[in-house]
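Chain order of the listed sequences is A and B.
Under numbering that gives the first Met the number 0, the letters of the first sequence match residues 0 to 286, in that order.
Under numbering that gives the first Met the number 0, the letters of the second sequence match residues 0 to 747, in that order.
No lab work stands behind these hints: they were computed from the structure.
Everything numeric in this text was worked out from a predicted model, so none of it was measured.
Hints may contain errors.
Below, in silico cross-link-like pairs of lysine to aspartate or glutamate (EDC-like), each with a Cα-Cα straight-line distance of 20 angstroms or less [to be verified]:
hint: 1; chain 1: A; residue 1: 256; chain 2: A; residue 2: 140
hint: 2; chain 1: A; residue 1: 276; chain 2: B; residue 2: 344
hint: 3; chain 1: B; residue 1: 684; chain 2: A; residue 2: 261
hint: 4; chain 1: B; residue 1: 740; chain 2: A; residue 2: 140
hint: 5; chain 1: B; residue 1: 62; chain 2: B; residue 2: 86
hint: 6; chain 1: B; residue 1: 665; chain 2: A; residue 2: 140
hint: 7; chain 1: B; residue 1: 404; chain 2: B; residue 2: 176
hint: 8; chain 1: A; residue 1: 36; chain 2: B; residue 2: 612
hint: 9; chain 1: A; residue 1: 256; chain 2: B; residue 2: 203
hint: 10; chain 1: B; residue 1: 302; chain 2: B; residue 2: 240
hint: 11; chain 1: B; residue 1: 746; chain 2: A; residue 2: 185
hint: 12; chain 1: B; residue 1: 495; chain 2: B; residue 2: 535
hint: 13; chain 1: A; residue 1: 36; chain 2: B; residue 2: 673
hint: 14; chain 1: A; residue 1: 52; chain 2: A; residue 2: 140
hint: 15; chain 1: A; residue 1: 276; chain 2: B; residue 2: 203
hint: 16; chain 1: B; residue 1: 404; chain 2: B; residue 2: 462
hint: 17; chain 1: B; residue 1: 619; chain 2: A; residue 2: 185
hint: 18; chain 1: B; residue 1: 740; chain 2: A; residue 2: 47
hint: 19; chain 1: B; residue 1: 11; chain 2: B; residue 2: 555
Partner residues aside, some chain B positions facing chain A, computed with beta carbon under 8 angstroms [said to hold, decoys possible]:
hint: 20; residue: 154
hint: 21; residue: 593
hint: 22; residue: 678
Built from N, CA and C at the ideal position, the CB exists for glycine as well.
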Amino acid sequence: MQYAAPETTAEATRLLADSPGTARVLAGGTDLLVQMKFGGLAPDLLVDIKNIKGMRDVTPEDGGFRVGAAVSGAEMGEHKAMRALWPGVVEAVELIGSTQVQGRATMAGNLCNASPAADSVPAMVAANAIARIAGPDGERDCPVQDIPTAPGKTSLQKGEFITSIFFPARPDNASDAYLRFIPRTEMDIAVCSAGVSLTLDTNGTCTDARVSLGAVAATVLLVQDAANALIGSKLDDSALEALGAACSAACNPIDDKRGTIEFRRDVTAVLAKRAAKIAQSRAGERS
Amino acid sequence: MALDHDTKRDFKIIGTRPLRPDGIDKVTGRAQYGADQSAAGMLVAKMLRSPHAHAKILSIDTKAAEALSGVKAIITAADFGDMRKGEAMNVRDHIMARDRALYDGHGVAAVAAINEATAKAALALIKVEYEILPHVTEIADAMRPDAPVVNAGFVQENAPKGYSENVVSAHEFGHGDLAAGFAKADKIISRTLKTAATHQGYIEPHACLASMGPDGRGELWCCTQGQFYIRTLCAEILGIEESQLRVTASEIGGGFGGKTTAFIEPVALVLSRKAGHPVKMVMDREEVFKASGPTVSSEIDVKIGMTKDGRITAGQAELRYQGGAFPNMTNWLGAQCAFAAYDLEAVNAIGINILTNRPKQAAYRAPGAPMAIYAIEAVVDELCEELDLDPLDVRLKNAARKGTKSSYGPTFDEIGLVATLEAAKIHPHYAAPLGPNQARGLSCGFWFNFGGNTSVSLGINFDGTVGITEGNPDIGGSRASISMMAAEELGIPYDKVRTIVADTNSIGHNDVTDGSRVTFAVGLATIKAARAAIKEMCKRAAKMWGIDEDAVIWEDGYAKPAGQNAGEFEPLSLAKIARKSANTGGPIAGHHEVNADGAGVSFGVHLVDVEVDPETGFTKVLRYTVFQDAGKAIHPDYVEGQMQGGAVQGIGWALNEEYIYGADGKLQNAGFLDYRIPVASDLPKIDTVILEIPNPGHPYGVRGVGETSIVPPLAAISNAVSRAIGVRMDQLPMSPPRVLKAIKGAKG
Chain A
0 MQYAAPETTA
10 EATRLLADSP
20 GTARVLAGGT
30 DLLVQMKFGG
40 LAPDLLVDIK
50 NIKGMRDVTP
60 EDGGFRVGAA
70 VSGAEMGEHK
80 AMRALWPGVV
90 EAVELIGSTQ
100 VQGRATMAGN
110 LCNASPAADS
120 VPAMVAANAI
130 ARIAGPDGER
140 DCPVQDIPTA
150 PGKTSLQKGE
160 FITSIFFPAR
170 PDNASDAYLR
180 FIPRTEMDIA
190 VCSAGVSLTL
200 DTNGTCTDAR
210 VSLGAVAATV
220 LLVQDAANAL
230 IGSKLDDSAL
240 EALGAACSAA
250 CNPIDDKRGT
260 IEFRRDVTAV
270 LAKRAAKIAQ
280 SRAGERS
Chain B
0 MALDHDTKRD
10 FKIIGTRPLR
20 PDGIDKVTGR
30 AQYGADQSAA
40 GMLVAKMLRS
50 PHAHAKILSI
60 DTKAAEALSG
70 VKAIITAADF
80 GDMRKGEAMN
90 VRDHIMARDR
100 ALYDGHGVAA
110 VAAINEATAK
120 AALALIKVEY
130 EILPHVTEIA
140 DAMRPDAPVV
150 NAGFVQENAP
160 KGYSENVVSA
170 HEFGHGDLAA
180 GFAKADKIIS
190 RTLKTAATHQ
200 GYIEPHACLA
210 SMGPDGRGEL
220 WCCTQGQFYI
230 RTLCAEILGI
240 EESQLRVTAS
250 EIGGGFGGKT
260 TAFIEPVALV
270 LSRKAGHPVK
280 MVMDREEVFK
290 ASGPTVSSEI
300 DVKIGMTKDG
310 RITAGQAELR
320 YQGGAFPNMT
330 NWLGAQCAFA
340 AYDLEAVNAI
350 GINILTNRPK
360 QAAYRAPGAP
370 MAIYAIEAVV
380 DELCEELDLD
390 PLDVRLKNAA
400 RKGTKSSYGP
410 TFDEIGLVAT
420 LEAAKIHPHY
430 AAPLGPNQAR
440 GLSCGFWFNF
450 GGNTSVSLGI
460 NFDGTVGITE
470 GNPDIGGSRA
480 SISMMAAEEL
490 GIPYDKVRTI
500 VADTNSIGHN
510 DVTDGSRVTF
520 AVGLATIKAA
530 RAAIKEMCKR
540 AAKMWGIDED
550 AVIWEDGYAK
560 PAGQNAGEFE
570 PLSLAKIARK
580 SANTGGPIAG
590 HHEVNADGAG
600 VSFGVHLVDV
610 EVDPETGFTK
620 VLRYTVFQDA
630 GKAIHPDYVE
640 GQMQGGAVQG
650 IGWALNEEYI
660 YGADGKLQNA
670 GFLDYRIPVA
680 SDLPKIDTVI
690 LEIPNPGHPY
700 GVRGVGETSI
710 VPPLAAISNA
720 VSRAIGVRMD
730 QLPMSPPRVL
740 KAIKGAKG
């Protein structure tokens, strides 16, 4: 196995593109190293991207933030302005693993691991985050929801890797929230989850919303019917009921050791409703 | 000796909380655990395990693996000695499949190689040809007359008829006229309750270092609760005499009963014998879950009758326990414990053992009791709810006490159940207000406690300090407690005494650290050993003074003349007698060997408040208080630790822990991610109230405290959740999907 720690994006993409065997990108390594140690994964090449300039920076851009691919959960949690703008995203990232794992784990890694239960992904999808991808043919931007294509699979091509994730600007009276269900209180994996991002007008009526669901299908779902249930409402009970119903209807979960289909359908709706209320309250505080 | 029958009441050291002797080693990493030993020329061993729940092994081809550079030995069941019966045979066959793999993860072959990577590569080169057989992992399925037979030849005469050959034994206890008892009841409730198999969840995996010499003598270092029993098992399996194998117990990172038997040690020894090198073997977590000894799962039918004013008129239970592919005695224990907390005129409990395609169960704190008492206490609580009676008053009304003929036969001597219930009743917790979706549950708990074979040696060093050699691994603070009892008896400070856990060849036989026996039995032997040393020190003082040895007494660490008639002499301290001992007859020591009985049963009562989220079925434990009779708490920190630890493990068992098998008979959650033990943030502080009702069978009144505490949490939490949601829960764990389903079911 070869290990490389290039200092430029171009060098990293060249190494990844030229590798004849299995190549993997190493950022935090909190999934990759576990797969290598216990999952039987034996890559021929590891490309550590942490030495590339900008990978560990959170940079203001057009009123939003560009988050480097190697920024850890702990660094996100300490970034006050990012937390103020996208609190749902930051709280989702902070749910990943233990304190020790937080020191290493990255959103880009969470995304590329392509688990439908990844905590940061529904929050990023609700936030309409855009991944910037470097590859042999240069850079391209891609909405986060189009990166995972199936459990463990992504749309990234050979030689490509994510260099940053962009979170756009948003109006003052807008916010987001993420909730997951786990049988414990921490150190666990989502049985189901929901991210809600919304914008209110001065009357408190929802003018824009994105609702995403995790662990209830092969990839994270962006549920337009659920967003429509909120838009035009003040998140009254009937709107929330419609939101929950839309979420339950959109779910396509499996029965497994972590939960039943019935449980996931029911609790996804509960989480979406609760997340919407939290996002509404946060948006109110920012207006 | 008059002293034998006196229960001491005034203590200087007992009941204080000195620093633990192993603390600094454990926090600095100096403590040597199972995997911390190495030897020159050491090889690394790995096991090949069956991927099938039940399969005939048609052939094992190890040629390619043997040819791999760095592979030093490969063994299969054929390399183990021939045995036709007994527990050692079952242990051997549970470790390594003979002609059939009996569970997912059953060992099939083992490799010793120069390093782990080579050993793993060799495993991949071993070709095993299987013929997959029908399997059965659940109790009801395994009992059916046409069920696949898991492991033939174990059916005992007492096994109930009309079932498959998997139903191997039944043990029945009780007394009185059940029909007459039920006829007196105003309300009778019958229910079937189920519990899942759980794992002890010790953090340290099984690990050992084995070395067999060409002369047939062996050394074994391992993480165990009983080095003597490991020696017995390994000697039988290897066909050697016990004197030829020395077993040393490492420090232990949790056992809870799960390290009372062998899972890897015989394999490492046989590999070492074949390779001619020391062999180290360490299980990974998946192996621990799949191929160590989880607890039984159970299905229990309970029928209890009660009068309107809360008197239990009759109780009946059939307890069906599966403990994997080999027979066990847990059904015998569980049937005895089920109704032990109650004074009943008519009671009957029968415990049945069923074989399944799962790993062989091992002990887990009070084996058999948590499930049994869960089932009984859940039905008692439901009767209290139905009859609108206070659940604590009902327990008090029916509580076993001194003179009660217990449900399993013996008549109780001094026991602490009533005192424990009364302490719970007056505790502020019992009257604290509850909010919406919150409820309180309670349960009694019981465990027999054991004594057993014990040897202790106590040496008086020339400098006046004391060394104690004992043979039970310290899993709950026994080194501190033993030192404290010796210091108390000798009349010297705690820090003058050091207790070590010796290997099998440095002290007489000791039974396994189980049955909450160590503080009781080793403590008793320590006190007797100290008394033997005191007798000798009095003799030396008599010699130094030139008086009769009967004229010397021992008081607060000094030899003194017994009275004025004995003469006027300055008292001689232990240190002074020790310093002179070379000139008064040589070194001074005391020892004691005993098969201790009179362990003294222990009762506990747990109170718990929970809040259930009605929309998700999530249970939060809000408040928890443990009341338990310790007889006498030698070191209260450790006693509280046992009470808290049992409660926490019980919370895990009640809410989330379970062995989940798929339709293919494979274990689906062999890791701590999906086998959910509680994490710190899941728990409130576990409050403790120690009761001290002295055990007449121990010089200081000690009762074992290590196991009773895991018995009540299952029912206490189940009762609390049932009351919070308004539906009686009848299955553990009460995982959120199960609770939410019950809530939705009640809404119709």
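Here's how the hints hold up against the structure:
1. For the suggested pair residue 256 of chain A and residue 140 of chain A, the alpha carbons sit about 37 angstroms apart, so the restraint of at most 20 angstroms is broken.
2. For the proposed pair residue 276 of chain A and residue 344 of chain B, the alpha carbon gap of about 58 angstroms is over 20 angstroms, so the pair is violated.
3. With a CA separation close to 34 angstroms, the supplied pair residue 684 of chain B and residue 261 of chain A exceeds the 20 angstroms bound.
4. Distance hint between residue 740 of chain B and residue 140 of chain A is unfulfilled; the C-alpha atoms sit about 44 angstroms from each other, more than 20 angstroms.
5. Note on residue 62 of chain B and residue 86 of chain B: the hinted pairing is violated, with a Cα-Cα distance of about 32 angstroms set against a maximum of 20 angstroms.
6. Proposed proximity of residue 665 of chain B and residue 140 of chain A is contradicted: the alpha carbons are some 43 angstroms apart, above 20 angstroms.
7. A threshold of 20 angstroms between alpha carbons decides the hint, and for residue 404 of chain B with residue 176 of chain B the separation of about 15 angstroms falls inside it, so the pair holds.
8. Between residue 36 of chain A and residue 612 of chain B, the direct Cα distance comes to roughly 38 angstroms. Violation of the 20 angstroms bound is thereby established for this hinted pair.
9. Annotation: proposed proximity of residue 256 of chain A to residue 203 of chain B is violated, straight-line Cα distance about 25 angstroms (limit 20 angstroms).
10. Taking the CA atoms of residue 302 of chain B and residue 240 of chain B, the gap is about 50 angstroms. The hint is violated against a cut of 20 angstroms.
11. Of the supplied pair hints, the one linking residue 746 of chain B and residue 185 of chain A is violated, its CA atoms being roughly 30 angstroms apart against a limit of 20 angstroms.
12. Taken as a hint, the residue 495 of chain B and residue 535 of chain B pair is honoured in the structure, with Cα atoms around 19 angstroms apart against an allowance of 20 angstroms.
13. Restraint check for residue 36 of chain A and residue 673 of chain B: the C-alpha separation of about 18 angstroms stays at or below 20 angstroms, so the hint holds.
14. For a cut-off of 20 angstroms, the pair hint linking residue 52 of chain A to residue 140 of chain A stands: about 19 angstroms separates their Cα positions.
15. Proposed proximity of residue 276 of chain A and residue 203 of chain B is contradicted: the alpha carbons are some 44 angstroms apart, above 20 angstroms.
16. Our distance criterion of 20 angstroms between C-alpha atoms is broken by residue 404 of chain B and residue 462 of chain B, whose separation comes to about 52 angstroms.
17. Only pairs whose Cα atoms come within 20 angstroms are accepted, and residue 619 of chain B paired with residue 185 of chain A is accepted, the gap being roughly 13 angstroms.
18. At most 20 angstroms may separate the alpha-carbon atoms for a hinted pair to count; residue 740 of chain B and residue 47 of chain A exceed this at roughly 47 angstroms.
19. Under the criterion of a C-alpha separation no larger than 20 angstroms, the hint pairing residue 11 of chain B with residue 555 of chain B is consistent with the structure, at around 10 angstroms.
20. Of the supplied interface hints, the one on residue 154 of chain B is violated, with its beta-carbon coming no nearer than about 33 angstroms to a beta-carbon of chain A, more than 8 angstroms.
21. A hinted interface residue such as residue 593 of chain B counts as satisfied when its beta carbon comes closer than 8 angstroms to some beta carbon of chain A; here the least separation is about 45 angstroms, so the hint is violated.
22. Hint on residue 678 of chain B holds. Least Cβ distance to chain A is approximately 5 angstroms, under the 8 angstroms limit.
Against the hints set out earlier in the document, violations occur for numbers 1, 2, 3, 4, 5, 6, 8, 9, 10, 11, 15, 16, 18, 20 and 21.
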